[in-house]
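So the protein sequences, as listed, match chains G and E.
Residue 271 in the numbering used here sits at position 263 of the first sequence, with consecutive numbering throughout.
Residue 185 in the numbering used here sits at position 169 of the second sequence, with consecutive numbering throughout.
Think of the hints as simulated: they come from the structure by calculation, not from any bench.
Backbone N, C-alpha and C define an ideal beta-carbon position, used for all residues, glycine too.
One should not assume that every hint holds.
Unchecked claim - Computed footprint of chain G on chain E, listed as stretches where at least three residues anywhere in the stretch have a Cβ under 8 angstroms from a Cβ of chain G: (1) 91 to 99; (2) 134 to 141.
Unchecked claim - Only pairs whose alpha carbons sit at most 30 angstroms apart, straight line, appear in this in silico DSSO-like list of lysine-lysine: (3) E/K202 with G/K140; (4) E/K191 with E/K202; (5) E/K202 with G/K182.
Unchecked claim - The following label-pair restraints were derived from C-beta to C-beta distances: (6) E/G209 with G/A102: 55 to 61 angstroms; (7) E/G46 with G/A102: 32 to 38 angstroms; (8) E/G209 with G/V199: 31 to 37 angstroms; (9) G/L111 with E/G46: 39 to 45 angstroms; (10) G/Q150 with E/T81: 27 to 33 angstroms; (11) G/G66 with E/N108: 35 to 41 angstroms; (12) E/L199 with G/V199: 38 to 44 angstroms; (13) G/P208 with E/S335: 26 to 32 angstroms; (14) G/L111 with E/E152: 37 to 43 angstroms; (15) E/Q134 with G/Q150: 57 to 63 angstroms; (16) G/P208 with E/N108: 17 to 23 angstroms.
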Amino acid sequence: MLKLAQQTTRRLRGIHLAIPLLVLLVAFFAIPVLELVRRSFLDPDGALTLQSYGDFLGTPAYRTILFRTFFVAVVCTVTCLLFAYPYAYLMTLAGPRLRRALLVLVLLPFWTSLMVRTYAWLVLLQDTGPIKAVLAAIGLEQVHLIRNTTGVVIGMAQILLPFMVLPLYNNLQKIERSDLLAAQSMGATPVRAFWRVYFPQSLPGLFAGSVLVFILALGFYITPVILGSPQNSMMSQLIVRQVTERLDWASGGAMAVVLAVLTLVFVGLMSRVVNVQQAFGGTVDKK
Amino acid sequence: MTVAVDTDLALELRGVSKQYPGTDTAAVSGVDLQIRRGEFVTFLGPSGSGKTTTLNMIAGFISPTAGEIVLHGRNIADLPPHQRNLGMVFQNYALFPHMSVWDNVAFPLVERKYPKDQIRERVRAALEMVNLTGFEKRRPRELSGGQQQRVALTRALVFDPPILLMDEPLSALDKKLRQRLQLEIKRVHREVGITFLFVTHDQEEAMALSDRVVVFDQGRIEQVGTPDELYRRPATRFVAEFLGDSNLIEGKLVERDGATALATPECQIPLPDWPGGREAPSGDEHCVMFRPEDVKVLPADDEGAACRGTVRDVVYLGSEQRVIVTTETGREVTVRTGGETTGIPGVGGTVGLRFSASNAWLIPTGG
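With these hints in hand, go ahead and build the complete structure from the sequences.
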């Protein structure tokens with residue numbers, strides 16, 4: 009009993025270090041979120057109702073936006089994965105100097121404003137921009153890269169890339185390269201060795217990066233506003249419209265709650281497949 | 017070109033060299049070696065001597081810049097590793113952490129597309145041979161170091177490769193476990209009867225395990241021989257000093273009383289009936305090796321002493337002790353005595369030394 013008490017004290021010692029952040033989180037995150045949730049269940053007269061949820065899920069146009077949001081998030085995640093995996097793999101092979109350079113290149117976007125980067129994409133992708141000129145030269149005049157989902161995915165994927173590269177790299181650098189050699193010495197071709205030995209060991213990092221990118225993509229606002237169009241809007245744009253234009257806190261709140269619940273369900277499903285803590289670089293719990 | 021096939025030969029290296037671009041010295045230069053079927057051969061050398069590079073060239077992970085690697089009469093120098101059909105145990109074992117013990121051992125069989133029932137039978141039998149029955153479902157990290165080692169060994173043998181390569185597989189283990197696993201590796205070698213090629217920097221391990229030892233230094237083979245040959249008849253100073261303790265004494269060979277003797281400024285070492293004396297011309301400077309057990313400590317006034325010296329250190333090792341004696345000219349001589357401590361004064365005492373002629377060995381000139 010005494011030992012247990014001591015353990016508890018030891019665990020709680022140092023809790024005061026977390027107090028500043030806890031206060032901030034409660035005051036500026038938990039309370040506003042709970043308030044939004046509360047309002048989503050009230051009608052204009054303040055009576056309890058599920059009207060807002062019914063309106064949201066019962067309106068086909070809204071359901072389309074919800075579906076599109078998830079679709080864009082999935083496409084962004086897959087795009088990031090396809091670019092990040094070879095990049096992170098190269099980082100594990102590179103010497104210390106090249107590795108540092110590659111890391112800086114990934115982190116560079118973090119140090120520039122999201123707004124600036126999105127406008128840069130606007131310049132590049134617009135109908136009078138350089139990329140469009142190249143496409144036109146090879147006979148693809150009809151392809152439009154902006155004011156549609158394509159533009160949104162391009163812009164978002166670039167911004168989200170670091171969130172895929174970093175967890176992946178963190179995972180890949182822990183995989184022993186001798187495992188690949190061992191597999192080859194036992195008769196596996198280099199390709200087979202990769203898929204049977206290397207790739208399965210990279211799944212935790214792959215899932216971690218995917219979850220991060222997917223969740224962040226679901227809530228993107230600025231990039232869809234600048235690179236997309238109102239006809240192709242996403243959930244965040246719809247929620248902003250409900251709240252700022254129609255001052256309809258109830259339906260805005262209901263939409264936010266549905267989005268949040270779906271996201272949590274998704275993360276819950278993912279965490280069943282993979283140990284999230286381990287994927288983010290935490291130590292493996294010893295049994 | 018026709019290759020003469022010697023059926024007793026498992027592996028032959030012909031002029032195998034490796035030079036990395038941008039470097040002046042070759043990592044491995046001109047290695048010639050013949051390994052017979054069923055032999056246990058160890059590559060021994062300090063780090064950077066080329067032993068691991070040579071093993072990796074045999075495995076196919078490094079391609080040689082020159083030379084042939086002939087496996088059962090066929091040059092495999094240009095084959096990728098997965099087509100060489102050689103078993104390999106890695107220094108860190110390289111067990112696949114995401115697979116169970118069973119799946120690890122089954123891996124090479126699955127890659128070779130063995131039928132399912134055959135895989136089951138082989139893996140079961142292989143795990144039984146190394147006493148790992150019951151551990152099939154464990155993950156590698158749930159095993160002890162020794163068990164992991166045995167899984168790695170089993171996995172590399174389960175597909176019946178003609179040669180098993182081992183790259184310092186015991187270096188991460190403590191001494192007791194290392195010795196136990198050495199015995200186990202020897203037992204497995206006897207049971208499977210294939211050629212084992214083992215890399216180590218530990219000379220005791222090399223001597224304990226091998227039929228023959230290949231000593232590497234600076235990318236070249238210094239000497240190839242049985243452990244006894246290397247210990248008793250080292251070809252070079254490097255081999256003499258690398259394997260076990262040795263006293264290398266330089267001096268002139270002289271005739272004294274009709275027998276050969278080795279003369280140094282402070283010693284006259286009589287070497288009656290010494291075969292080495294006939295090979296070496298008298299009067300020249302020679303280097304003669306005496307192992308510590310071939311030197312005796314005598315009382316300082318003993319008539320039979322070849323020279324005198326001061327005891328600098330006595331190291332007690334249980335069944336034996338090592339006495340380090342400094343002669344008048346400052347030369348250090350290591351003596352290994354049995355358990356008896358009588359007649360050996362403490363540090364600072366004066367003693368006589370007698371060298372046994374029968375095991376003296378003349379280091380060939382130029383070595």
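Taking the hints in turn, this is what the structure says about them:
1. 91 to 99: Check passed, 3 qualifying residues.
2. 134 to 141: Not satisfied, violated; 0 residues make the cut.
3. E/K202 with G/K140: With a Cα-Cα distance of about 70 angstroms, the restraint between E/K202 and G/K140 is violated, given a limit of 30 angstroms.
4. E/K191 with E/K202: holds (17 angstroms)
5. E/K202 with G/K182: violated (33 angstroms)
6. E/G209 with G/A102: 55 to 61 angstroms: Since E/G209 and G/A102 have Cβ atoms about 44 angstroms apart, the given range 55 to 61 angstroms is violated.
7. E/G46 with G/A102: 32 to 38 angstroms: The hinted range 32 to 38 angstroms holds for E/G46 and G/A102, with Cβ atoms some 34 angstroms apart.
8. E/G209 with G/V199: 31 to 37 angstroms: Given range 31 to 37 angstroms: holds, Cβ gap about 34 angstroms.
9. G/L111 with E/G46: 39 to 45 angstroms: holds (42 angstroms)
10. G/Q150 with E/T81: 27 to 33 angstroms: Given range 27 to 33 angstroms: violated, Cβ gap about 55 angstroms.
11. G/G66 with E/N108: 35 to 41 angstroms: Given about 60 angstroms between the Cβ atoms, the range is violated.
12. E/L199 with G/V199: 38 to 44 angstroms: Since the Cβ atoms of E/L199 and G/V199 sit about 40 angstroms apart, the hinted range of 38 to 44 angstroms holds.
13. G/P208 with E/S335: 26 to 32 angstroms: This hint is violated: roughly 51 angstroms between Cβ atoms.
14. G/L111 with E/E152: 37 to 43 angstroms: Because 41 angstroms falls inside the window, the suggested range holds.
15. E/Q134 with G/Q150: 57 to 63 angstroms: holds (58 angstroms)
16. G/P208 with E/N108: 17 to 23 angstroms: holds (18 angstroms)
Consistency note: the structure conflicts with the earlier hints numbered 2, 3, 5, 6, 10, 11 and 13.
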